[in-house]
Amino acid sequence: MDDGKAGKKHRWKKWERIGLVVFLAFMAAMLFAPTQVAELFDAMTQKCLDTVVKNWIIGATGVATLVAVMTGRILERLGLTDALIRIFRPIAKLLNINPTFLIAGVYNFLGDANAAGKISAPIMQKAGATEDEIKIAVATMFQFPPTFASFMLGISCLAVAGINAFLALIFSVFLPLILVPLLLRFTVYRNCKYKDVSEVPTFTPTTGALDTVFGGAVEGAQVLFLTIIPIACAMFSIIAALEYIQIWPFIQNALYGLCQLCCIEPECGVVSMVVAATVGFPMLSDMIQSGMVIAPGVVLATFMLGTSSFPLTLPLANLPRLWSQATGISQGKLLVACLIGMVCRFVSCAIVGYVVAPLIF
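In this note's numbering, the protein residues as written are 1265 to 1625.
FYI, nobody ran anything at the bench for these hints, they're computed from the structure. Be careful, since some hints might not be right.
Stated by the list, open to error - Label pairs and their computed distance ranges (CB to CB): (1) K1390 to F1305: 44 to 52 angstroms; (2) L1288 to D1550: 48 to 56 angstroms; (3) V1482 to T1299: 39 to 47 angstroms; (4) G1283 to G1555: 52 to 60 angstroms; (5) I1351 to A1481: 25 to 33 angstroms.
Said to hold, decoys possible - In the SDA-like style, the derived pairs of lysine to any residue whose C-alpha atoms are separated by at most 20 angstroms in a straight line are: (6) K1357 to F1450; (7) K1318 to A1413; (8) K1457 to T1394; (9) K1457 to L1443; (10) K1459 to I1442; (11) K1457 to D1346; (12) K1311 to F1489; (13) K1357 to V1464; (14) K1597 to N1455; (15) K1318 to A1485.
Being a predicted model, the structure only gives us computed values, none of them experimental. Think of the CB as a built atom: it goes at the ideal place given N, C-alpha and C, for glycine as much as any other residue.
Please model the entire structure based on the sequences and the hints provided.
Below is the structure:
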């Protein structure tokens, strides 16, 4: 009996066996291909140095995130959230949904996608939003520009291409903001319930001016250094590893194909998805100014992609993690909501590029 118990006790568990395989593979790599292991590590490090450090640590993107959180907290203190709930009341009543569902997108546009998650998720929790309503908010947020800077660069591209910016905004930004929640509300996420303004608590904090400004700046630094930079390093390390083993070109070609399928300029589209729209839009402007003939539908679809919550680090990592921490919903469910938002955006790009643009522009 004792021998049987001892035998059972010392059986290898699943993760112990996996760990053993990993250890043996690592030792074999160190024995037979130490140079390649070192080169792989160096490629991962260099990729993070070239992108993460340049853009988020010493570049404008990181500072913009910090300022965006601070700005969002200032706007919240000035009563913007409570005003937005009243503004969105007719739409919310029409959709029979909590009126806070569009707040995340507005803070996304006025500030930053990461700041929007940090500020809006607790607001929806406080307003008694259901899990499905929070998922709709996340998917809808993807239809908004990730930063005000990327939005303005997109507008400049439209100006260079001679496209009426007002009409472009109606079809590429405002209509999807109504149609996407409408679609999700009556298909995927049905557990929604309208709450009148009188049932929703006030969201304007009572903090002092200095606490609001400096507290928001500190909060922005926490989001930047504790969430965005680590996730960006992880994502770009994986991309570097895939590049080193020659898998990333296949993924990149698939992204090119997706852009072409959805009437998006491939080069600018992939850059906007992987790096940032603030890099992709100047590329598009340079192409147009150099005399390259680009159809209005392609410009509009590329504008729509750039004014979505990309790069991929946002929907695949940052947003699910931030919203999960604030709401308690699993990251997997929120990742699915982000992916649904991405699919809706690509479909919108295709419709505007192939159908709307030829008729109107």
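Do the hints match the structure? See the list:
| no. | hint | in the structure |
| --- | --- | --- |
| 1 | K1390 to F1305: 44 to 52 angstroms | 45 angstroms, holds |
| 2 | L1288 to D1550: 48 to 56 angstroms | 51 angstroms, holds |
| 3 | V1482 to T1299: 39 to 47 angstroms | 45 angstroms, holds |
| 4 | G1283 to G1555: 52 to 60 angstroms | 58 angstroms, holds |
| 5 | I1351 to A1481: 25 to 33 angstroms | 28 angstroms, holds |
| 6 | K1357 to F1450 | 14 angstroms, holds |
| 7 | K1318 to A1413 | 17 angstroms, holds |
| 8 | K1457 to T1394 | 8 angstroms, holds |
| 9 | K1457 to L1443 | 18 angstroms, holds |
| 10 | K1459 to I1442 | 18 angstroms, holds |
| 11 | K1457 to D1346 | 19 angstroms, holds |
| 12 | K1311 to F1489 | 18 angstroms, holds |
| 13 | K1357 to V1464 | 14 angstroms, holds |
| 14 | K1597 to N1455 | 15 angstroms, holds |
| 15 | K1318 to A1485 | 17 angstroms, holds |
Hint compliance for this structure: every hint is met.
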